[in-house]
Structure formats: C-alpha cells, structure tokens
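Chain A is already provided as a structure; the job is to place chain B on it using the hints.
Protein chains: 2
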Amino acid sequence: MDEKNPYLVAFGNRIKKARKELKITQDDLSLYTRIDRSYISEIENGIKNPSLTTILTLAKALHVPPSKLMQIFESKEVNDE
Amino acid sequence: MDEKNPYLVAFGNRIKKARKELKITQDDLSLYTRIDRSYISEIENGIKNPSLTTILTLAKALHVPPSKLMQIFESKEVNDE
Numbered sequence: 001m002d003e004k005n006p007y008l009v010a011f012g013n014r015i016k017k018a019r020k021e022l023k024i025t026q027d028d029l030s031l032y033t034r035i036d037r038s039y040i041s042e043i044e045n046g047i048k049n050p051s052l053t054t055i056l057t058l059a060k061a062l063h064v065p066p067s068k069l070m071q072i073f074e075s076k077e078v079n080d081e
Numbered sequence: 001m002d003e004k005n006p007y008l009v010a011f012g013n014r015i016k017k018a019r020k021e022l023k024i025t026q027d028d029l030s031l032y033t034r035i036d037r038s039y040i041s042e043i044e045n046g047i048k049n050p051s052l053t054t055i056l057t058l059a060k061a062l063h064v065p066p067s068k069l070m071q072i073f074e075s076k077e078v079n080d081e
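Line order of the protein sequences matches chains A and B.
Anchor point for the first sequence: position 59 equals 59 in UniProt numbering, and the numbering is continuous, going up by one each time.
Anchor point for the second sequence: position 41 equals 41 in UniProt numbering, and the numbering is continuous, going up by one each time.
There could be a bad hint or two in this list.
Cut-off 27 Å, straight-line C-alpha distance, at most; resulting in silico cross-link-like pairs (DSS-like, lysine-lysine) [what the hints assert, rightly or not]:
id : chain 1 : residue 1 : chain 2 : residue 2
1  : B       : 60        : A       : 48
2  : B       : 4         : A       : 68
3  : B       : 68        : A       : 16
Quick caveat, the hints were computed from the structure, so don't treat them as lab data.
Isolated chain A, as found in the complex (with noise of 0.2 Å):
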C-alpha cells in the first residue's frame, strides 16, 4: 500500500502544478534552483519532505510567493481540528 503523506502528495502537485503553468521541465527548475532534478521529482512526487529553505528557492523560481504555496494545506487544516 502506498503509505505517501498526503500533506507532501499535496505539495508536490502544486509544485508541478507551477512549473507546467511556466512551461518548464524539470530540468530547468534544477538548473535555476541547483536543487538535484531527481530531488525535485522526488518533491513533486510526495516523497520528499522540503525544507523552509528548499521551499523558499522552489517559491521563488516558480515565481509563485510561498504563502500562495502554502493555502492548499489551509482548507485541509483548517477542516481537520
């Protein structure tokens, strides 16, 4: 059974998500980021657990602020108390 944190699942989709909308691979996203391209598929798998800092980089190339990153975790948290 595929035992993925739907939290990382989640963030990874809008990771993907972003770089589709600037139409670029992830080979680019590597090369502007200097994060490994395979630590980026793996992020954008949900298998990885980011870092603030690898957050931040990601944010910032995607051109995307990272509170904006951040809301898809607020209707999911908000409802889970």
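Just chain B, lined up with the frame of chain A:
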C-alpha cells in the same frame, strides 16, 4: 561571525512571536507537537531548517494558517529580485 540564515532567523522569530501570543512555553509547544523542545528552541533561534511537515505541525499547534507564517518572506522575497 554568526553565519545564521536570515530566512531561518525570520521564521524562528515568527514562531516565537506566535508562541508568546498564545502565552505558552516551548515545553507546552513540544507537548502539543511532539517535536523535541530543544529542536523547537533551535528553530526559534534560526539554527534549524524545518521541514514542510514540521512547519505545518507548528502552524496548526500555534493556530496560525501556514500561509500566514510564510508571509514574512514575501516582502523580503519579492524585493530580492
């Protein structure tokens, strides 16, 4: 010379501020989040680079939407370009 990452320092200060607004101690926060108190202390002092799930856990325990925690980077983030 203190080589702290300004983003980590800013985030740590934001967590400390939110915790003090709730008038809770690091021990309390550690209890709620199951994050080790010394790790919380290192986050608040800008020494540790917390992961996405740790950020979400802290946001939830501090009753601050994750996006709001990240807004501290916006003004700095946007003006850096």
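Okay, the hints, checked on the actual structure:
no.	hint	verdict
1	B/60 <-> A/48	holds (21 Å)
2	B/4 <-> A/68	holds (26 Å)
3	B/68 <-> A/16	holds (22 Å)
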